[in-house]
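The primary structure of each chain is shown beneath.
Number of protein chains: 2
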Amino acid sequence: MIKVENAQNIILENIETLEAEKVDLLKALSKVLAEDIHSDINIPPFDNSAMDGFALKSSDTKGASQQNPIILKIIENLPAGKTPKNTIHKGEATRIMTGAPMPLGGDGVIMVEYTESTNNEVKIYKAVSSGKNIRLAGEDVKKKELVLKKGSLITPAKIGMLASVGKEMVKVIRTPKIAILTTGDELVELGEKVTPGKIRNSNTYTLISQITKLGAIPVNIGIACDNIEEIRNKIRSGIQYDMLITSGGISVGDYDLIQDILKEAGLNLKFWKVRVKPGKPILFGLLNNKPVFSLPGYPVSSMIAFELFVRPAILKMLGRKDIFRKTILATLTNSIDKKTDRRQCLMGILKEVKGGYEVSSTLPQEAGMLKSMTLANCLILAPQECAHIHHGTLVKVILLNDKE
Amino acid sequence: MIKVENAQNIILENIETLEAEKVDLLKALSKVLAEDIHSDINIPPFDNSAMDGFALKSSDTKGASQQNPIILKIIENLPAGKTPKNTIHKGEATRIMTGAPMPLGGDGVIMVEYTESTNNEVKIYKAVSSGKNIRLAGEDVKKKELVLKKGSLITPAKIGMLASVGKEMVKVIRTPKIAILTTGDELVELGEKVTPGKIRNSNTYTLISQITKLGAIPVNIGIACDNIEEIRNKIRSGIQYDMLITSGGISVGDYDLIQDILKEAGLNLKFWKVRVKPGKPILFGLLNNKPVFSLPGYPVSSMIAFELFVRPAILKMLGRKDIFRKTILATLTNSIDKKTDRRQCLMGILKEVKGGYEVSSTLPQEAGMLKSMTLANCLILAPQECAHIHHGTLVKVILLNDKE
Numbered sequence: 000m001i002k003v004e005n006a007q008n009i010i011l012e013n014i015e016t017l018e019a020e021k022v023d024l025l026k027a028l029s030k031v032l033a034e035d036i037h038s039d040i041n042i043p044p045f046d047n048s049a050m051d052g053f054a055l056k057s058s059d060t061k062g063a064s065q066q067n068p069i070i071l072k073i074i075e076n077l078p079a080g081k082t083p084k085n086t087i088h089k090g091e092a093t094r095i096m097t098g099a100p101m102p103l104g105g106d107g108v109i110m111v112e113y114t115e116s117t118n119n120e121v122k123i124y125k126a127v128s129s130g131k132n133i134r135l136a137g138e139d140v141k142k143k144e145l146v147l148k149k150g151s152l153i154t155p156a157k158i159g160m161l162a163s164v165g166k167e168m169v170k171v172i173r174t175p176k177i178a179i180l181t182t183g184d185e186l187v188e189l190g191e192k193v194t195p196g197k198i199r200n201s202n203t204y205t206l207i208s209q210i211t212k213l214g215a216i217p218v219n220i221g222i223a224c225d226n227i228e229e230i231r232n233k234i235r236s237g238i239q240y241d242m243l244i245t246s247g248g249i250s251v252g253d254y255d256l257i258q259d260i261l262k263e264a265g266l267n268l269k270f271w272k273v274r275v276k277p278g279k280p281i282l283f284g285l286l287n288n289k290p291v292f293s294l295p296g297y298p299v300s301s302m303i304a305f306e307l308f309v310r311p312a313i314l315k316m317l318g319r320k321d322i323f324r325k326t327i328l329a330t331l332t333n334s335i336d337k338k339t340d341r342r343q344c345l346m347g348i349l350k351e352v353k354g355g356y357e358v359s360s361t362l363p364q365e366a367g368m369l370k371s372m373t374l375a376n377c378l379i380l381a382p383q384e385c386a387h388i389h390h391g392t393l394v395k396v397i398l399l400n401d402k403e
Numbered sequence: 000m001i002k003v004e005n006a007q008n009i010i011l012e013n014i015e016t017l018e019a020e021k022v023d024l025l026k027a028l029s030k031v032l033a034e035d036i037h038s039d040i041n042i043p044p045f046d047n048s049a050m051d052g053f054a055l056k057s058s059d060t061k062g063a064s065q066q067n068p069i070i071l072k073i074i075e076n077l078p079a080g081k082t083p084k085n086t087i088h089k090g091e092a093t094r095i096m097t098g099a100p101m102p103l104g105g106d107g108v109i110m111v112e113y114t115e116s117t118n119n120e121v122k123i124y125k126a127v128s129s130g131k132n133i134r135l136a137g138e139d140v141k142k143k144e145l146v147l148k149k150g151s152l153i154t155p156a157k158i159g160m161l162a163s164v165g166k167e168m169v170k171v172i173r174t175p176k177i178a179i180l181t182t183g184d185e186l187v188e189l190g191e192k193v194t195p196g197k198i199r200n201s202n203t204y205t206l207i208s209q210i211t212k213l214g215a216i217p218v219n220i221g222i223a224c225d226n227i228e229e230i231r232n233k234i235r236s237g238i239q240y241d242m243l244i245t246s247g248g249i250s251v252g253d254y255d256l257i258q259d260i261l262k263e264a265g266l267n268l269k270f271w272k273v274r275v276k277p278g279k280p281i282l283f284g285l286l287n288n289k290p291v292f293s294l295p296g297y298p299v300s301s302m303i304a305f306e307l308f309v310r311p312a313i314l315k316m317l318g319r320k321d322i323f324r325k326t327i328l329a330t331l332t333n334s335i336d337k338k339t340d341r342r343q344c345l346m347g348i349l350k351e352v353k354g355g356y357e358v359s360s361t362l363p364q365e366a367g368m369l370k371s372m373t374l375a376n377c378l379i380l381a382p383q384e385c386a387h388i389h390h391g392t393l394v395k396v397i398l399l400n401d402k403e
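Here the protein sequences come in this chain order: A and B.
When you line the first sequence up against our numbering, it's residues 0 to 403, in that order.
When you line the second sequence up against our numbering, it's residues 0 to 403, in that order.
Hints may contain errors.
Since the list gives no way to pick out one identical chain from another, each pair is judged satisfied if it fits inside one copy or across any two copies.
What the hints assert, rightly or not - Cross-link-like lysine-lysine pairs, in silico, DSSO-like; alpha carbons within 27 Å at most:
1) 212 <-> 320
2) 89 <-> 61
3) 21 <-> 212
4) 56 <-> 122
5) 21 <-> 89
Everything labelled a hint here was simulated from the structure, so no lab data went into it.
Remember, it's a predicted structure, so these values are computed and weren't measured experimentally.
Bound-form chain A, shown alone (with noise of 0.2 Å):
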C-alpha cells in the first residue's frame, strides 16, 4: 500500500495533457488555450470618441464657461460605425457619439452634458484639454500584441478578447472522453425490479455526473455481470477512449476478476490500494497506454477515490494548472477517533463562522453511506499519524458541491 501523496504522483507523472484540436470560438469556454494568440489590429483600431458630445479644438474652449459659453459651428453629425467626412477648423465642431472615429482637426471631446445646441450651432460651456475623451488606436490592445497565453484557461472575458481579435476557430486541449464500465452481478438498472439479493445502480450516475463537471465526457459502457468473457469485451471497447474507469459493484472479490483481466490484457499494473480511508482498494496502470482506473465499489468510496485520484487526472489530460482542490483550516466543533494505519477523509459539514469556519464529521462515515455524501459539503482530511483529532483543532478541509 502506498500513501496518498505517492499514488498522485504516479498517476500524474504517467499521465499526458491531450493534444490540441481546433474548435469554434464558443466550444472554447473553459478549455484550456493551446496557442498563444497575438491581436490582428490595434483595438480600438482609430481614435475616437469616449462620451457623446461634440469633436472639436481643445484651445477653440479656451476660457468657456457657465456664463461665458463659446459658440462653435457644426459641421457634421456623426453616429458610432461612420466615417467623418470633414475636417474640424478653427470654430468648427462635430457632433459625436461615443465609438464614432475622431474627425481631422479635432483633438479633443466635449460631453454633451456641458453643451447646448441647435441644428447648427453648439454652446460650450467648459473649456476642454487636449485629448479629452478621446481613446486612442491601440489603447487597448496594440497590433501584434500578445492578448492571451497559451495554457490558460478560457474565461468569458477571455472569449470576448478571442472576438475582438477576429478567432471563429480557436486552438484548446482536446476534451478526453471516459469510459465508465461498471460491474457487479449485484446490480440492477433504474429500470428494472430490486429482486432479491440485488441492488440499484447508482455508481455509473454519479461518476457520469462528477466527470460532467470537470468538463470531461463520460461514456457509459454499461454494466458487466461477472463473467470474464463480458469483461473482456467491455474493457476492450472501453480502452477506445481516453481514459478507463471500472466501478466494481460493491465486492472486493470482483476487483480481483477485473485486476486479473486487465493484467491478462496486458495491464502495467502502477499502484493497487492506497492508504486511505475510504477508497483504499483503488487500482491505476495503463493499458495500451491509456490510464485506467478501478475504483471501489460502494458509493462514498468511489467518489472519494474519484475525487483523490480522478479527478487531477481528467484535468490534467485537459491541461488545467489547478489540479488540486484548494484545502481550507477549519475548526472541528467534534472528535475523531480513527487508526493510524491510513489517512482517512471524513464527510463533514463546514460552516462559515465569524473570523473563520467551523466543521463537523458527526455524519454516519460508513463507505455505503451515500445519503452522508448528499449532506456533506466538504472533506476533512485526517493525517495518518493522528489517533485522535481533538474538538477544537484546526483541521485541513477541501470543499466539495463547489463549481469545477
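Add chain B to chain A, keeping to what the hints say.
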C-alpha cells in the same frame, strides 16, 4: 439613478423562479430539484455482509484465537447478487462476499484475513461479536424516508441518491433561455473585414459565455443595425424567450433608440441607470411579463453589469438560493481615488498571502479595457461614499472566473 442594492432588489422582486419540468436523471445535474424525494426502498435493501469473509453464528467463535482456531463447515458460497439457499446452523459457515445478503441463522461475519479455508472447512482465528460486519437493511436510507429536499441544487452525490431510489426522471426547475440582441452600426461579425469606423462584435460572445457558465441557455438573436424596424422585429422575436438582453454597441445614444422601441412595444420600465461605475447605463423592465435588460456597450461595463444585475436574475429563475457571490476581504496594495457619486467596481488581481488575501487595482480601469478584464480575477467593490481608499485598507472583493 438608484443604488446597486435597490436595483438588485427591484430585479429580484420582479423575477420569478421558472416552473418545474421532468428531465432524464443525468440532465438533472446542477439543476434545482423541484420535488421532495422519498425512497421507495430500504438502502441497503437487505442485511448484507460489509466484508469478504464468512457468515457464521457469533456464539460459535467464542474463544477463537491464532493459537486456538475454531473449525466450521462451509455450507455455501455466496457471491454478491446471489441469494442464500441454506440456513447456518451451529458449527456451520457460509463463504460470503461484500454486499451479499446475510444467510438465515448467521449473526456476524468474520473477515477473510482472520481465516484459513479449504473447500469444505474454514479455520476461524478470531472471535466475532453479534452483528459484526453486517450492514443492516435500511442502514443508509429507510423506505419512505425523505432523502432529498425540494429546492436543493443537484450535485453528483444527489444524482447517485436519485439513482439509488430509482428515479429515471426527475422534476427540476426549467432552464431559462436567454435571448441576446446586439445593436450597433459600428459592429462587424468575426468573419467580416474591420473597415474604417467599424469594430468587431465581442460582447455577444462574452454574454453567451457568461450565460452558459450559469447553466442557462443563450440564444443569439444577432446584430440589429441602428434601424427602428430591424430592432423592433428582433425585440419581437427575442421576447419569446424567458429573458431578453440587449447589448448596445458602444454608444449611449443607441440606448435611447432601444429604450424608445421597448417602451413603444409596451415595456414596463423598472429602472434606468444605476449609481455604479462602470455599468451605470443599464435598463431593466418587463415586456409581456418577461424581464428585459439593456446593457451598456463597453466590454467591461457589459461584463460588470451582467455580473451585478443579470446574474442574480438568471440564478433566481433557475431556483438557486446562492444568488449573490460571496465577498471576501483583501488588503489593498495600492490606493484608489474615486468620485463619491457612485459605487465603483474595479478590476483586481487577488493573491493569497499568509493570513489572508492581497488585492491590487493597478490594471487600466477604463470601461473599454477588455484586456484588463482578461487579466483580472476579481472585482473590488469600492463604496460610494469613499473618495480615497488607502493602501493597506481591507476591501470587499468578489471572485470572478470561479466556477458557477
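Hints, verified against the model:
no. : hint        : result
1   : 212 <-> 320 : both (17 Å within a copy, 20 Å between copies)
2   : 89 <-> 61   : within (12 Å within a copy, 111 Å between copies)
3   : 21 <-> 212  : both (22 Å within a copy, 21 Å between copies)
4   : 56 <-> 122  : within (14 Å within a copy, 103 Å between copies)
5   : 21 <-> 89   : neither (53 Å within a copy, 70 Å between copies)
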